[in-house]
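Enquirer: Chains as they are written, first to last, in the working numbering: chain A, 15 to 283; chain B, 110 to 435.
Quick caveat, the hints were computed from the structure, so don't treat them as lab data.
Ideal placement from N, C-alpha and C gives every residue a C-beta, glycine not left out.
Keep in mind that a hint or two might mislead.
To be verified - Some chain B residues flagged as far from chain A (calculated, every beta-carbon gap over 12 Å): (1) N201; (2) E202; (3) K214; (4) D225; (5) E232; (6) V249; (7) E329; (8) D346; (9) E423.
As the list claims (entries may be wrong) - Listed below are the simulated DSS-like cross-link pairs for lysine-lysine, each with C-alpha atoms no more than 27 Å apart in a straight line: (10) K157/B with K397/B; (11) K397/B with K348/B; (12) K277/A with K326/B; (13) K277/A with K214/B; (14) K205/B with K118/A.
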Amino acid sequence: MFLLSLPSLSATCMRYFRMFALHMQDIFEQRGRTFVWLLISCIAPLIMILFWRGAKGVNGWSFEEILSYYLLLIVFRAMLISHNEERVAVTDIQEGQLTAYLVKPFSYFWLVFFQELPYRLFQGGIGILFLVLCFQLLRITSSVELFMLSVVSIILSFFLGFIFKMIIGLCAFWMTDSRGLFEVVDVTLVIFTGLLMPLAFYPQWLESVSYFLPFAYMLYFPIVMVQGQLDYVEVFKALSMQLFWIGLLVLVYRLMWRSGIRKYTAVGQ
Amino acid sequence: MVIHVSHLERVYKIHQKEPGFAGSIKSFFSRKYTDARAVDDISFDIEKGELIGFIGPNGAGKTTTLKCLSGLLYPTSGTVDVLGHTPFDRKNEFLKQIGLVMGQKNQLWWDLPAIDSFLLNKEIYEIPDATYKKTLDELVSLLDVSEILTVQVRKLSLGQRMKCELIAALLHKPKVIFLDEPTIGLDVVMQQKLRDFIKAYNKQYEATILLTSHYMKDVEQLCERIIMIDHGKILYDGKLANIVKEYAAKKAISVIFTKPVSREKLTKLGEIVSLEETKAVLSVPRAKSNLVASRLLDSFPVEDITIEETNIEEIIRDVFAKSSKS
Chain A
15 MFLLSLPSLS ATCMRYFRMF ALHMQDIFEQ RGRTFVWLLI SCIAPLIMIL FWRGAKGVNG
75 WSFEEILSYY LLLIVFRAML ISHNEERVAV TDIQEGQLTA YLVKPFSYFW LVFFQELPYR
135 LFQGGIGILF LVLCFQLLRI TSSVELFMLS VVSIILSFFL GFIFKMIIGL CAFWMTDSRG
195 LFEVVDVTLV IFTGLLMPLA FYPQWLESVS YFLPFAYMLY FPIVMVQGQL DYVEVFKALS
255 MQLFWIGLLV LVYRLMWRSG IRKYTAVGQ
Chain B
110 MVIHVSHLER VYKIHQKEPG FAGSIKSFFS RKYTDARAVD DISFDIEKGE LIGFIGPNGA
170 GKTTTLKCLS GLLYPTSGTV DVLGHTPFDR KNEFLKQIGL VMGQKNQLWW DLPAIDSFLL
230 NKEIYEIPDA TYKKTLDELV SLLDVSEILT VQVRKLSLGQ RMKCELIAAL LHKPKVIFLD
290 EPTIGLDVVM QQKLRDFIKA YNKQYEATIL LTSHYMKDVE QLCERIIMID HGKILYDGKL
350 ANIVKEYAAK KAISVIFTKP VSREKLTKLG EIVSLEETKA VLSVPRAKSN LVASRLLDSF
410 PVEDITIEET NIEEIIRDVF AKSSKS
């Protein structure tokens with residue numbers, strides 16, 4: 015799938031772009047969903063800003079840095095955390111819509127990807143507008159190189175988060191009700207992606223645990239990278255952890271897809 | 110040969126649970142499975158351009174067979190070959206040549222007009238612009254749906270949606286088409302329109318079409334050849350016209366006489382099904398029905414005579430009834 019000759023590569027890119035553009039319409043058709051998620055992204059961080067107000071030097075972070083962290087968090091969460099798991103699990107696998115995709119000559123993974131991408135770009139776009147408005151409050155790295163590297167990290171985070179949510183969705187092959195799992199996932203994300211507070215504020219052991227898990231690389235690291243709080247060594251360490259997790263999760267996804275499809279088709283939905 | 114199926118078998122494992130909470134606990138620890146043989150040693154071949162009807166009662170194995178043919182199910186044993194491919198590999202070259210429409214499932218985008226789903230399929234199937242435009246125009250005029258293409262799919266009626274589903278499934282001009290109950294839930298007029306379309310499409314594009322349906326009308330009007338299955342086995346595979354010869358060896362003649370006639374005289378002509386006063390029904394071998402009718406007219410005071418045309422639906426019901434008894 016990834017090995018393509020050059021002329022067919024450009025044709026393929028155009029084809030993907032047109033598919034993406036078609037799905038862009040979803041956003042406008044489903045304004046409700048789009049704006050609810052935008053609102054949800056805002057609420058918790060705003061309250062956390064109130065909570066930390068007046069704090070001076072927490073774990074070496076100034077209040078300005080904390081404020082900037084939460085503002086960036088609002089935008090990065092809207093941009094990077096995908097919400098495709100429910101659709102994969104409920105509509106496609108449990109209700110059997112997947113059947114229609116299985117007879118199509120196109121990978122299911124990428125089809126869902128092109129449906130999810132517009133939401134993330136749109137919400138991210140609005141978020142970046144919002145960031146421009148409160149530019150004064152942001153602490154962003156002054157190094158062009160580090161900034162470029164954080165852009166790379168942002169893109170990798172999006173992939174990582176998307177693949178993770180696809181895997182959660184595929185669990186529906188083996189579960190009749192995935193709502194419980196979704197709850198667990200949400201709580202896990204709140205704790206380990208830095209949604210609650212910067213992971214650096216955690217006790218040492220919890221911080222180390224969270225750096226070991228994939229979740230920190232879906233949201234936390236891009237933020238602190240943009241804020242210029244990591245040196246080159248830490249940046250490269252984070253980037254390689256992202257690549258490592260993407261590789262591992264792709265492998266897990268493939269294995270789950272292969273055996274899940276066997277199970278799904280075995281019952282003949 | 111487009112489709113070759115030999116000794117196809119498909120067994121489902123069905124999980125059994127005893128009733129109630131105790132049953133749940135028990136099945137949590139040890140699950141009991143029984144085998145259900147949905148398709149049991151089926152073989153048939155289909156040539157290019159054939160329009161074949163799969164008929165059989167609920168749970169006969171029609172849909173299972175279609176799913177094995179379209180790659181949605183892997184067979185328990187036996188071989189399936191469609192257009193030179195093994196369907197369950199689900200290779201892109203194979204999937205690009207088939208189309209599947211299931212009356213009870215939809216593939217159209219719910220919140221957008223059908224035309225957007227068509228555009229997405231254009232990309233998925235990599236249909237060139239010119240071909241896309243031409244095929245779409247043809248299908249739209251065949252189905253007469255030009256006005257509803259830009260209406261949100263959720264606002265369409267069931268019949269309109271079915272037409273759009275068909276277009277979505279046919280845009281890439283599949284060589285083999287599987288239609289699973291395409292007319293389910295539609296009114297009589299719409300059913301007829303879809304039938305006309307399927308027939309026209311089959312002629313125009315020389316596509317091989319396999320169709321399952323509960324409605325005998327669908328099959329009677331569309332298919333020359335039918336495959337009847339029940340309990341996973343083929344009961345009959347052949348021309349629809351021949352089934353009448355094979356299964357309805359006799360014809361019924363009802364006569365109304367001007368005055369009562371004697372039973373003995375009548376018995377010589379055929380088996381008497383009923384005789385009361387001036388009304389009689391005779392059962393005679395198919396081939397002799399005309400002869401018997403003319404003898405009746407010659408030697409009896411006949412007021413009215415009808416040779417009952419054999420009703421295919423009845424014959425088929427008979428065949429299935431016999432198969433479920435045996």
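Enquirer: If a hint holds in the structure, say so; if it doesn't, say that too.
Expert: Going down the list of hints, with the structure as the test:
Not every beta carbon of chain A lies more than 12 Å from that of N201/B, the smallest distance being close to 4 Å; the non-interface claim is violated. Taking the minimum C-beta to C-beta distance to chain A, about 8 Å, the non-interface status of E202/B is violated against the 12 Å cut. Under the 12 Å C-beta cut-off, the non-interface status given to K214/B relative to chain A is violated; the minimum distance is some 6 Å. Not every Cβ of chain A is farther than 12 Å from the Cβ of D225/B; the closest lies at roughly 6 Å, contradicting the non-interface assignment.
Look at E232/B: its CB is around 5 Å from the nearest CB on chain A, not clear of 12 Å, so calling it non-interface is violated. Remark: the non-interface label on V249/B is consistent with the geometry, its nearest Cβ contact in chain A lying 19 Å away (cut-off 12 Å). Non-interface status of E329/B relative to chain A is upheld: no Cβ of that chain comes within 12 Å, the nearest being about 28 Å off. A cut-off of 12 Å between C-beta atoms confirms that D346/B is not in contact with chain A; the least separation is 23 Å.
Listed as outside the interface, E423/B is consistent with that label: its C-beta sits roughly 32 Å from the nearest C-beta of chain A, beyond the 12 Å cut-off. With a CA separation close to 38 Å, the supplied pair K157/B and K397/B exceeds the 27 Å bound. Restraint check: the Cα-Cα separation between K397/B and K348/B comes to about 23 Å, which is no more than 27 Å; the hinted pair holds. The straight-line distance between the Cα atoms of K277/A and K326/B is roughly 36 Å, outside the 27 Å bound, and the hint therefore fails.
At most 27 Å may separate the alpha-carbon atoms for a hinted pair to count; K277/A and K214/B meet this at roughly 20 Å. A distance of roughly 7 Å separates the Cα atoms of K205/B and K118/A; the hinted pair therefore holds under the 27 Å criterion.
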